[in-house]
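Protein sequences, first through last, are from chains P and L.
Under my numbering, think of the first position of the first sequence as -10, with each following residue one higher.
Under my numbering, think of the first position of the second sequence as 1086, with each following residue one higher.
Note that these hints are calculated values from the structure, not bench results.
Any given hint could turn out to be false.
[Said to hold, decoys possible] The list that follows gives simulated cross-link-like pairs (lysine to aspartate or glutamate, DMTMM-like), each with its CA atoms no further than 25 Å apart:
no., chain 1, residue 1, chain 2, residue 2
1, P, 46, L, 1190
2, P, 260, L, 1164
3, P, 46, P, -4
4, P, 67, L, 1198
5, P, 46, L, 1164
6, P, 46, P, 171
7, P, 260, L, 1179
8, P, 67, L, 1164
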Amino acid sequence: MKARVLDFLEHGGDVEALALELFEWQRSVSAVHRNFAAGVEPSTIYEIPAVPVRLCKEVVFCTASQGIDFRTSGTTGKRGLHRMADTQAYDRAARLQFEACVPDAPTTAMNLCPTAADSSLGHMMRTLFPDATTTLPEGPVFIGTTASRASEIPDVELPPGSVVMVTGGFKGSAPEELRLRERLGPHFRRIDEYGMTELSSQLWGAPGEGYLPPRWLVPYAVDAATGERTEGLGLLRFVDLANWSSLLAIETEDVGEVRGGRVFLQGRLAKSEPRGCSLAVE
Amino acid sequence: MRTLGDPTTWNTGLSDEGAVEALRVEVECIDAAIPRTGRPRRIAIWCAQNVFIAPLRWVERFTGLGCEVVLKVPSARPEAGRAIAAAYGIECLEGHDLAPLQEVDALLAFGSDGAMQVLDAAFDGPKALFGHRVSFAVVEDISNETARALAMDAALHDGAGCRSPAAIFCLGDAERLAMRVAQALRELAISMPRGVFDPALGPEWRRRCGLGRVRGRCWSGHEWAVPYLPIAELSPAPLPRMLPVHPIASVEDLAVLRGLPLGACATDVEGLTGFHTLCAPGMLQRPVADGTWEGVDVVERLL
């Protein structure tokens, strides 16, 4: 299966057919996948049961008994775990999509993303820029940063050709974006990355233009209450072929819309309303 | 008992059938109560959101004792409170202003722990404040009758109240009981459909169903679910029309509940401890309106 997926990443093909085949394969080799999807016979890619990301805090969905573990930051409590058999598909997917979305990226980089071994974002940066530094190099530079660490970029005018990648977004904070432009000058290009620990693939896009998914990642939105597919704004789900050994389909807690082949993110799903005197959901 | 009008027009969040049944059950409980003596002169009753009938028994009791009652209704859903206030001819407060508390002798309040802290700090007089609680069922009997009774406990108020069972612990054939509870919830979804479902609960709903399928079993329909799981997977907060069943070998297994703000327990097991109130299955949402709540003599407390 891995070879089939790697081939798809390079050359494309029928994404729905391969997704359905992957679904059946995962179910045949993994009891966890089998039980999770018990009684489900999907006929379209949208019917593949999606794992809610919060379930990854309790259940490991991996077709291999051992593998590479990525963990969420745990800012909302217990850390989620994404285990994959190996990172070959992840690495290939990351490079291919990055090259497609940022074809003119400089070869030198400054990395302000997490560097922990179990950080998927850290792994992506290491994959794309193995020689990245935490200080600003000379010449055109690619700067990868989380929104919370963007202020650590030195106040210098970046040379033409530079690219600043912000992941996590400024949460719609226009002043933050303006400040970045004031501090770093007019020559650099901003690009945003959307990814998550539970995905092997990333989406990229210029601010405000939506995120472009790779051809092996199928995004769609569902009604948050029912989990049924919706054409408008809803909870985002992704079918990610690069997760061939783990979470083929996931349900995020991000609200957005898929329009014109791009994903427009609105934010996190609102918290539930107060539950009267019963104990509230965590 | 006053005539209250039509609860289906009160924006209760429940289905029409759910609202009618919840009101009927509450009136039945109040009618069965024994009048008491002693009273504060002017009392404020602070209502929680989501359990629209909660203030009714207290309004009936305190107006019956001759008290002047002020009803503070939840801002998000004021309609039911307004209807109760109108029916009893009592003052109805809306909004977040705490100043009216200066004009009452006693305070009875239900709601979140945060709201209770605010009220506790704002009011120095006699008060009875009831914050978050979580209730459960512990049963040996797995009959259809017990399953139907527990399903009704979960269905009334769609899991929003502190007497809604978060889970059933079963000393008998728990899997069979789970199947029967599922059947009962399936039937209730038709006769008394679930009300408004908060979209923010969707991911948690699907997590619990998924966990049930991976670690145990899960029966589910459009508006209901019964995950069957080991007790280690307990989620101590009820969701609307979801009633997990956990097998237990003995009541010693209930040690996992230690530290939770326990409320009531529906049970057929003798000698359970740790809960404010014990009752039979099917009676969680039908507490006797005898002037006590969570083991507290409310009238006595507010004198």
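Results for each hint:
1. Taken as a hint, the residue 46 of chain P and residue 1190 of chain L pair is broken in the structure, with Cα atoms around 49 Å apart against an allowance of 25 Å.
2. With a CA separation close to 24 Å, the supplied pair residue 260 of chain P and residue 1164 of chain L stays within the 25 Å bound.
3. Only pairs whose Cα atoms come within 25 Å are accepted, and residue 46 of chain P paired with residue -4 of chain P is rejected, the gap being roughly 31 Å.
4. The suggested pairing of residue 67 of chain P with residue 1198 of chain L holds, with an alpha-carbon distance near 23 Å, which does not exceed 25 Å.
5. Restraint check for residue 46 of chain P and residue 1164 of chain L: not satisfied, since their Cα atoms lie roughly 40 Å apart, outside the 25 Å limit.
6. Note on residue 46 of chain P and residue 171 of chain P: the hinted pairing is violated, with a Cα-Cα distance of about 40 Å set against a maximum of 25 Å.
7. Taken as a hint, the residue 260 of chain P and residue 1179 of chain L pair is honoured in the structure, with Cα atoms around 24 Å apart against an allowance of 25 Å.
8. Between residue 67 of chain P and residue 1164 of chain L the alpha-carbon distance is near 39 Å, which puts this suggested pair outside the 25 Å criterion.
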